[in-house]
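Here the protein sequences line up with chains A and B, keeping their order.
Taking this note's numbering, the leading residue of the first sequence gets 1, the next gets one more, and so forth.
Taking this note's numbering, the leading residue of the second sequence gets 1, the next gets one more, and so forth.
Hints were generated in silico from the structure; no laboratory data involved.
Identical copies look the same in the list; a pair holds intra-copy or inter-copy alike.
In silico DSSO-like links for lysine-lysine, alpha-carbon gap of 30 Å or less: (1) Lys163 - Lys251; (2) Lys251 - Lys194; (3) Lys216 - Lys163; (4) Lys503 - Lys408; (5) Lys163 - Lys194; (6) Lys83 - Lys163; (7) Lys305 - Lys251; (8) Lys216 - Lys194; (9) Lys83 - Lys408.
Predicted, not measured: the structure shown is a model, and the values here were computed from it.
Number of protein chains: 2
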Amino acid sequence: MSIDRILHPGLRQRIVSAEAAAALINPGETVAMSGFTGSGYPKAVPQFLARRIEQAHGRGEAFRINLLTGASTAPELDGALAKVDGIAMRMPFQSDPDARRRINAGKLDYLDIHLSHVAQHVWFGFYNEIDTAVVEVSAIHADGTLVPSTSVGNNKTWLDLAKKVIIEVNQWQPAGIDGMHDIYYGTALPPHRKPIPLVRGDERIGQTTLRCDPDKIVAVVLTDAPDRNSPFNPPDADSQRIAGHLIEFLKHEVARGRLPANLLPLQSGVGNIPNAVLAGLASSGFRDLEAFTEVIQDGMLDLLKSGVLRYASCTGFALSPEASEAFMRDLDFYRQRIIMRSQEVSNHPELVRRLGCIGMNGMIEADIYGNVNSTHVMGSSIMNGIGGSGDFARNGFLSIFLSPSTAKNGSISAIVPMVSHVDHTEHDVAVIVTEQGLADLRGLPPRRRARALIDNCVHPDFRAQLQDYFDRASRDSHGKHTPHLLNEALSWHQRWLDTGTMKA
Amino acid sequence: MSIDRILHPGLRQRIVSAEAAAALINPGETVAMSGFTGSGYPKAVPQFLARRIEQAHGRGEAFRINLLTGASTAPELDGALAKVDGIAMRMPFQSDPDARRRINAGKLDYLDIHLSHVAQHVWFGFYNEIDTAVVEVSAIHADGTLVPSTSVGNNKTWLDLAKKVIIEVNQWQPAGIDGMHDIYYGTALPPHRKPIPLVRGDERIGQTTLRCDPDKIVAVVLTDAPDRNSPFNPPDADSQRIAGHLIEFLKHEVARGRLPANLLPLQSGVGNIPNAVLAGLASSGFRDLEAFTEVIQDGMLDLLKSGVLRYASCTGFALSPEASEAFMRDLDFYRQRIIMRSQEVSNHPELVRRLGCIGMNGMIEADIYGNVNSTHVMGSSIMNGIGGSGDFARNGFLSIFLSPSTAKNGSISAIVPMVSHVDHTEHDVAVIVTEQGLADLRGLPPRRRARALIDNCVHPDFRAQLQDYFDRASRDSHGKHTPHLLNEALSWHQRWLDTGTMKA
Chain A
1 MSIDRILHPG LRQRIVSAEA AAALINPGET VAMSGFTGSG YPKAVPQFLA RRIEQAHGRG
61 EAFRINLLTG ASTAPELDGA LAKVDGIAMR MPFQSDPDAR RRINAGKLDY LDIHLSHVAQ
121 HVWFGFYNEI DTAVVEVSAI HADGTLVPST SVGNNKTWLD LAKKVIIEVN QWQPAGIDGM
181 HDIYYGTALP PHRKPIPLVR GDERIGQTTL RCDPDKIVAV VLTDAPDRNS PFNPPDADSQ
241 RIAGHLIEFL KHEVARGRLP ANLLPLQSGV GNIPNAVLAG LASSGFRDLE AFTEVIQDGM
301 LDLLKSGVLR YASCTGFALS PEASEAFMRD LDFYRQRIIM RSQEVSNHPE LVRRLGCIGM
361 NGMIEADIYG NVNSTHVMGS SIMNGIGGSG DFARNGFLSI FLSPSTAKNG SISAIVPMVS
421 HVDHTEHDVA VIVTEQGLAD LRGLPPRRRA RALIDNCVHP DFRAQLQDYF DRASRDSHGK
481 HTPHLLNEAL SWHQRWLDTG TMKA
Chain B
1 MSIDRILHPG LRQRIVSAEA AAALINPGET VAMSGFTGSG YPKAVPQFLA RRIEQAHGRG
61 EAFRINLLTG ASTAPELDGA LAKVDGIAMR MPFQSDPDAR RRINAGKLDY LDIHLSHVAQ
121 HVWFGFYNEI DTAVVEVSAI HADGTLVPST SVGNNKTWLD LAKKVIIEVN QWQPAGIDGM
181 HDIYYGTALP PHRKPIPLVR GDERIGQTTL RCDPDKIVAV VLTDAPDRNS PFNPPDADSQ
241 RIAGHLIEFL KHEVARGRLP ANLLPLQSGV GNIPNAVLAG LASSGFRDLE AFTEVIQDGM
301 LDLLKSGVLR YASCTGFALS PEASEAFMRD LDFYRQRIIM RSQEVSNHPE LVRRLGCIGM
361 NGMIEADIYG NVNSTHVMGS SIMNGIGGSG DFARNGFLSI FLSPSTAKNG SISAIVPMVS
421 HVDHTEHDVA VIVTEQGLAD LRGLPPRRRA RALIDNCVHP DFRAQLQDYF DRASRDSHGK
481 HTPHLLNEAL SWHQRWLDTG TMKA
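Next comes chain A alone, as it looks inside the complex:
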């Protein structure tokens, strides 16, 4: 590996092996790492840290860290550290199967908070101080400023607040990414905050690099390793139907004059359904679309390429290996059209509301009154976390949730009497879409929401059963504003736990 990416002479002197860098992290530390949705996370130090932890545990010594990131990372980070029981507390979002298993076994404390809240809560002093930051960059300039790689996440905050910093310079990341980022240094703590001066999603309000006092940088590690980049499935029939309903709805809103012809800035969650929506938009006839979102997936690159999407603002990537290659190949093209920001900016309530984002996110389940569960399976096991869905659902112009109407081979209905956990309340959900259809909940009181969801979104296998619940609740409930039978409201989930199906 070459040191060409490190132009600051002093920092060239700090190059060490990943193993040596990992040795600088002590038991009990709070460690803040880069990484958002499997991009831009440190590739080497966490693995050597995991090895060290494993060895310490082998000697009977306690060694765990509190781990903060931007969002989810990869097996080399969350997976490696979870496998060796190296994480005491994790926040704010993660999707690693090993970590999830430990969380749901009650062995790993997990703190699930809105992605727009993370940086400020750390600044506010609500958590421990940051002992060490481990941040991947693509290069170090001669003046010591750092060129971010494929995610920005909370890196600005980690570098500002950490007592010591370990930098991984990943030469796998394209050198040409330099210039794509927009790091806003205008944030402050109350009572010193000012308006964020961004009024269009494609504006730049910051600088292209991250600042960090070189004296805090205790180690620089060279890496050459790809991001998590996992393949996307081509959209299946249900995803395509969901996309179809949504696009029809958006066209209807334009026709009614409630949305401009080029819509408003799109936010799109990560996964196969959002990707299907993006694929659907490609052939929808829409032009000059905008994206103000967290993550750029394959579908968004395609939209940029075809000119359907004018620009995309994000804080990270989640690409397939093919899309990643295409991205690197056409970097000059994408550098004109992509702006990468800190997640406190990409998800900022002030900006999401000002720009009027259209929030499109997946969900685990919704109930008949429009409450949405994004995080918990059967009320008690975490799936991933709320991520930024709340930032957009609460503050955007439209708050849309998407899901197939069933899960687990049809044994689970995504529309239930009462959700087993609430992440987005009835006050924050405008539209719900399944492959069955779309329920526009705007302006509807609770019982009319129930009718819209039963008529349009629930799978036929569960429709009569849900209608029966609603009818009996409407007749027998203590109150008739939001009719519920409390003895039964969560019985579908309990039945699934007991029998393997929600079906009565």
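Position chain B relative to chain A; hints supplied.
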């Protein structure tokens, strides 16, 4: 009644009786009225409208309206219209007993939305167009601009959007209130929104009067009637204990350096407990406090008078008759220290986050994981509505919820295994206070939140029972991240419905 308050010659010509004005409202109309927490609502036209509706119903004719306001009003408005079954749909917040009864009987559709969302959702076209606005003002200037009275609420939006406008000029309202308001006309729809240029809570960014095209004003009605102004109980022992815990916590936060010595702008919900907190602050030693809130109660006037509070920004008042008199007597003093704004500004997420408000709101119940129910009794009956609690809980620096630990003579625990309705999710609740103590949930994963709430907040009569639920859930739950027994999670509420107590 005198016409001295109406200086616009053309509008003097439109003075009619309240009865004649009410006759201009047609069956099926969407009517947007002024009023916020019992202040500044129209006093005369709604009562004559109710009489007309009653007469129409007597003749077998259909006559109902959709009713929008700022927030709650009074018996002369919500009460009168609900009693005659004159409301088909009501939004966004109400507290009238007759209306509540009809809502919970399933006879009145009620739409409960965040107060900061109301105006924009109407502008977005999510609801019906506004046929008629009925707005109380304190005077009409010669140029036709309108001097608001004791609340601003959504009046700007109602006047801008209504096809026709009825103005009530209430000479009971002090003439000297002129100059106290700050009406911001810089809002717009996406994609044309700009930053709201307010960086301190005591800044003025608008004009003192409301605009309205005089040609739209179809009637001007003279009134001379007080606001709802209901007495406050002096703080009881439990409220004082709650206030004591909260103030001790705030002092602790200052000592830890997490809050400035004069705190950050306070938002305080309405009711006896918030009033007790304000009373507690009076003798707490704090100085130069600020309030950026929805409603000014008695306690806040006292704080202004004593100099403990430097200024208060609000959108309405909720005063006792004595406080109202004191307010009028010292209007010149208060005009220097109070700024009244539109509720889209007083509650704006952008401003609440920028200023770093400390949100202090009541609740119906919280569960062991920190989810808060602000709106529903036993999961199905509405109490009042979410109001602005979500605007502040989500976006403020600190999100605090306050409640006695029991209700209904000790038969109900305010801390339950699972709330029967969620208005503020685990992601949005920082601190919970009962007379038993305070639980600081910041930085705690779910099971540690449960321990903090059981140890600090639950009433001794329910502590063992709640600990038992948590212990068994921790042992037997499907997942151990947020342990729950779904068969039992809502059983406390069902038991209360069945037996009159949550006690096992």
